[in-house]
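Turn these sequences into a full structure, and let the hints steer you where they fit.
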Amino acid sequence: DRGVGDQRVGDQQVGDRGDRGVGDQRYQCSCSCQWNPDLEPGALIFISCLSVGKDVTYICPFVGALRGTLTVTNFRLFFRGISRDPAFVLDLPLGVVSRVERISGASSRGDVSYVLVCKDVRTLRFVHKQPDDSLQKSVFEVLTKFAFPVSNSLPLFALEYNQVFPENGWKVYDALAEYKRQGLPNESWRISKVNDHYELCDSYPAALVVPVTITDDELRRVAAFRAKGRIPVLSWLHPESQAAVVRCSQPMSGVGGKRCKDDEKLLQAIMDANAQSHKLFIFDARPSVNAAANKMKGGGCESEDAYQNAELVFLDIHNIHVMRESLRKLKEVVYPNIEESHWLSNLESTHWLEHIKLILAGALRIADKVESGKTSVVVHCSDGWDRTAQLTSLSLIMLDSHYRTISGFQKLIEKEWISFGHRFQQRVGHGDQNHTDADRSPIFLQFIDCVWQMTQQFPAAFEFNESFLVTVLDHLYSCLFGTFLYNSEQQRVKEVISLWSFVNSQVDEFINPLYVHYPAHVLLPSVSIRHLQLWVSYYIRWNPRVRPQQPVHQRYKELLAKRAELQKKVEELQREVHNRASASSERAGSPTRSITPVQTFV
Amino acid sequence: MLSLGGGGAKSTKPSFVSYVTPEEIKSEKEPPKKEKHPDLLPGEVIFCSADPVLKHTQDDLSQRGIFGTLLCTNFRVSFVSDETPLEEMTQHFKNKLYGENDIPLMCVDNIYGVYDEKKKLITKGMLKNKCPSKMIIHCKDLRVFQFCLTYTKEEDAKKIFQGIAHHCLEPKSLKCVFAFSYAASSSPEVQRSQRTVMFDSKEDWTQEMKRTKANLRIVTENENFEFSMRLPKFFIIPAAVTDEDISKFPGKGLPVWCWSHHSGCAMFKASTLPVPQEDGLMQGYMERMLHAVAHTHLYSLKLEDLSETLPTIQDIQQSYNKFKQFFLIDNSTDFWVSDVKWFSTLENTGWLDIIRQCLQKAVEVVECLEKENTNVLIMEEEGSDLCCVISSLVQIMLDPHFRTLTGFQGLVQKEWVAGCHAFLDRCNHLYQKDKECHSPSPVFLLFLECVWQMVQQHSPAFQFSETYLTVLSDSIHVPIFSTFLFNSAYQRESTMKAEAQHLQRGPLNCPAVWDWSVQFDCKAQELFINPLYADKLKQDKAIRKVPRAKHQRQLSLPSSAFKTPPKKGFFKDETESLKKMLRVKRISRWMASPDSPAAATREFYETWQRRPLDYHGLLLPCLDGPAMRLWMQRYLRWIPEVQILGGGPVAITSMLAELLSQVQDLRRELDMRSCWETEAESLQLRPGPLALTRTSLRLSSSFPFASNRNWTFKPAIPTSLLQSLMVTDRLASQEDETNEVISLV
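As given, the protein sequences belong to chains A and B, one line each in that order. For the first sequence, the positions run 1 to 602 when my numbering is used. For the second sequence, the positions run 603 to 1347 when my numbering is used.
Derived from the structure by calculation, the hints contain no laboratory data. Remember, predicted model here, so these are calculated numbers, not experimental data. Don't be surprised by glycine CBs; every beta carbon is placed ideally from N, CA and C. Worth double-checking, as some hints may not be accurate.
Here are the simulated BS3-like cross-link-like pairs (lysine-lysine), alpha carbons at most 30 Å apart as the crow flies [claimed, not checked]:
(1) K760(B) <-> K721(B)
(2) K329(A) <-> K924(B)
(3) K171(A) <-> K228(A)
(4) K329(A) <-> K943(B)
(5) K329(A) <-> K145(A)
(6) K926(B) <-> K736(B)
(7) K295(A) <-> K258(A)
(8) K331(A) <-> K145(A)
(9) K722(B) <-> K760(B)
(10) K1316(B) <-> K279(A)
(11) K777(B) <-> K638(B)
(12) K1316(B) <-> K696(B)
(13) K557(A) <-> K1125(B)
(14) K374(A) <-> K1316(B)
(15) K331(A) <-> K943(B)
(16) K279(A) <-> K180(A)
(17) K638(B) <-> K755(B)
(18) K657(B) <-> K760(B)
With the Cβ distance kept under 8 Å, some of the chain A side facing chain B (calculated, not the full set) [what the hints assert, rightly or not]:
(19) S345
(20) S372
(21) K374
(22) Q506
(23) L524
(24) I540
(25) L559
Set out below in structure tokens:
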């Protein structure tokens, strides 16, 4: 197989080719990757590398061993090779590091060797000489300290980061404004302040939309019956049919099949709020066995006896542990090397795309019931913050074209994920060195993957491009912005900067040049595995071979630019014609002549 | 009457050509069109028909369908619906020869009969059996038709079933192929596609030699095939081959020129000699041939026996047979069942791997020509199967001319048609059951697959679109075109002559497939063009006419950084003495160890990848696992479960086409303004801001195919039964039971 020592391009080669792909643009946001790297405001060079003697070797799985200098700040790790031209550069925020491991006894010459296992599907290996100067701290020590600030009682870097952006991303989402966009409150739905201080449910947002017929007291009693107090509340309302997407957690019915009058009333009220249908679909994201197993722990699912006119459907999506394991296997298959002849069966054995398929299929069924069936739906899993968030947000993207715009998508994430308490801190494990934590799981990554699958199937339906999605995922781990740092709306500290401040201040980079806005267009993706692909430019982006030389959207952009240019010229000429009436005909000829040679295509 | 003509069905020997004259058909066609048959083509005769037959709609499990008449003619199996067809508006891409409910006889792959809910493959011996209640036809273009015969009179049902089975499954002789009746009856002014170089004249070959600056020897002695029936009329060989050697082993082992690199080295192909005899005659001959090839440039040669390293044509056939099964789907249940283990199923067929191996081999050859400037001789038993695949791929990678539409068609003419690929046997057009001596194998399709992978990866480098390739792959099974009907140039010419004599008329005019107007109108043909093609030459081309070819050659020069090391360049132009010094053994075999070529080409690819991309220069495919993709348009276009309504590539193509036309309009307007200063009228011409035709919302991902099927606006949802069948991990159940509360989050 491909061994070390092959002459190959590196992970990132600055100055090689500008359009290398998304991987490179990652931090050009706040810094351009040149030495000295511009440091983020608030970043201190904590340690400017032990290996000033250019002793550090990065064992690149694609290029082979590379010697260079390694710098670790309290935000990032920066490695620059010395021997190559253009220089090989490795630049990653420490937030992506999931584990730092020392490899002992690798060599007799007293070399230190360690491995950084990253959350973004790569593993980096460094070797350097043990410094003689024992006063200086070792890179390894510094890394373990600053990669896991939480475990070392240090603040996350986001709290120190104080870059000023022209926009304030926290203003992107305002719950009341978003509900207003959906026509809420209306005669059937009201906005309740029962959770204003998060006392009803600490993982829910302050503003909740509930049926007008249900009082706050009833809501409190429902909260006692739903896991973690996550009561059924409205997430989206169909503008025409008034069918609603409602989310919650599992009912605490337990083995005995406990019932709750108020809960039953609430679901009935949800059904009644939609005059078009006398049925309610309850989508339980779990496989039915899991739902049954939950009864042993007091949970369970709605029985159709207790809930008249409700139909319970299981969507067979597996739990966070299965997903974590699946991603682990995927990493094994794609990094660093891909086994050519068994690529497909290896990919299948990870089950990653099967999970994607099930999630998309679930969302599709929800969207179909709401759109074609005009029926309201209730979606839950166990706690209602993982699978439920995936399902509601994906079905909302299918149903509502607003969520396919850049700002709409940001609102969707703010709403369905952040305000409704997806446990980002736990699932990602920011700054925590306990990499085996069973609470970690790539739930949000899966959601973004599903969105990417949809952008592949509907290439003109989304305002954002692939690089936008990759950027969102990179900052899921970077700990640079506050957006994905916390478990709930309640926990969020406003001193941190929003990712959207950064994104919206350079939104041009994230625009899909071929986007067409169709206001009332419902997207029904194909969920057959034949149409699902592995997201190569995310999972395999570190492999230089698989990277495209020039992304096609580059050509779309050229085309659009050409049209704009010509359009401008036509307009200019028209203006000229108008101005000069019809008399002088010499001047008009000259500007047009110059146009013809510009053509590159057509 | 033709419509219910049982007469045709009875005549078991379909030598109909002599029975019906074109005039008769014409007169039959005239009466008011309430007749239940499709518009017949010239020379087309109905054999039998049955009514009513229920054609099942594929997209749901219910047994619903459309009633109509099922017919079998000498060209096709056709279903004519009783319902009046929907508005023609949806017909973006109408094939003039056959509609969506027509199956050209050659396109029928297998016929199944359903007897008491059991599906049985119909073979020759089963024709006498009871008539099945349902007939399922699998087509070579991957359509699946289901005709229910229970509503039909038993006698009619039996007749149509036997008729169709007979005409589709029985071996036939070449002269019965529809193309000849068509050619005999169609108006003689079928024009030859002007712009495609056909490589059937001496001029075409000398021109090509000039274009690639080759200086070799053109052989004209085979003009009447006196010399070899497996070689084209004209061909080019190394200049150093002696007259005596040319005729030594009729055509065998003779290195036939394919293409010359700008450095002077060239690629040749040859069939292998029969088993060597004792006398060393053959050995000596072969050695002289190798030396002749080596003499072409710098006395260098790499010899590659493709049969040693690539799959055999039987392997290819087997693999494709397995592969295509997964796209011939009878119903929704089968579809979702096969969705579960999709990737491993796909891998087990080995088809994608065969594509990869071919591309890999082509890259190896490219490396020899481009990097080492070595002459290459590829060999194979017949010299007309994998040799064609590899040599064509190499030329597409190296020469941008072959990435234009006409250039590509010329390449197919040069390497495949003139190069005597045995289309007739390989496509098994005549349903010969004797697989041993004919060995059907989708070699040409394999080539198209490889090209598709390249198009997929570097779309702006190709003037033609994916749709073009798909249509071309369908056209193989349309028995109208002379292109894919014969095993060799000799067979083409002799058969045509014999048929013309038989009909006592002048030369027959079988159109080439490149006459796209035979199948599609101009509007539809626009879909063959890739809107993203980076054609930087367009302007210059219009100005210069004659030196066009030359100029294009220069463009294939790779960027200077990629040229050969200066050392070789130095020798290239140097004196004889230096050349002599070089003449130490540079003839070498391919590197022996099995994994080293892969590693070497990988490095070659990576060096190339690091250069700035030039769509008019060298083009290499990425061969890593994830880069090898499934040709979705071709294979998934008829399957309702995978249609994406309002999405798919068409969403982009229609947009780009629109953009392009806007750019063109703007430009035209600018031009106009530069000439005249007419204000009022031209003001109206200005297109508004991007107003995309709303139709693209209603187009499905299978566009432009299957366009008049009404895909339901219902999502295809896998049945929950199947989902629960899906075994995931042990983790799923395990953790749920054993873990603490957290496990069920």
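Here's how the hints hold up against the structure:
no., hint, verdict
1, K760(B) <-> K721(B), "17 Å, holds"
2, K329(A) <-> K924(B), "29 Å, holds"
3, K171(A) <-> K228(A), "28 Å, holds"
4, K329(A) <-> K943(B), "17 Å, holds"
5, K329(A) <-> K145(A), "28 Å, holds"
6, K926(B) <-> K736(B), "22 Å, holds"
7, K295(A) <-> K258(A), "10 Å, holds"
8, K331(A) <-> K145(A), "25 Å, holds"
9, K722(B) <-> K760(B), "16 Å, holds"
10, K1316(B) <-> K279(A), "20 Å, holds"
11, K777(B) <-> K638(B), "29 Å, holds"
12, K1316(B) <-> K696(B), "25 Å, holds"
13, K557(A) <-> K1125(B), "26 Å, holds"
14, K374(A) <-> K1316(B), "14 Å, holds"
15, K331(A) <-> K943(B), "20 Å, holds"
16, K279(A) <-> K180(A), "26 Å, holds"
17, K638(B) <-> K755(B), "17 Å, holds"
18, K657(B) <-> K760(B), "16 Å, holds"
19, S345, "4 Å, holds"
20, S372, "7 Å, holds"
21, K374, "14 Å, violated"
22, Q506, "23 Å, violated"
23, L524, "4 Å, holds"
24, I540, "6 Å, holds"
25, L559, "5 Å, holds"
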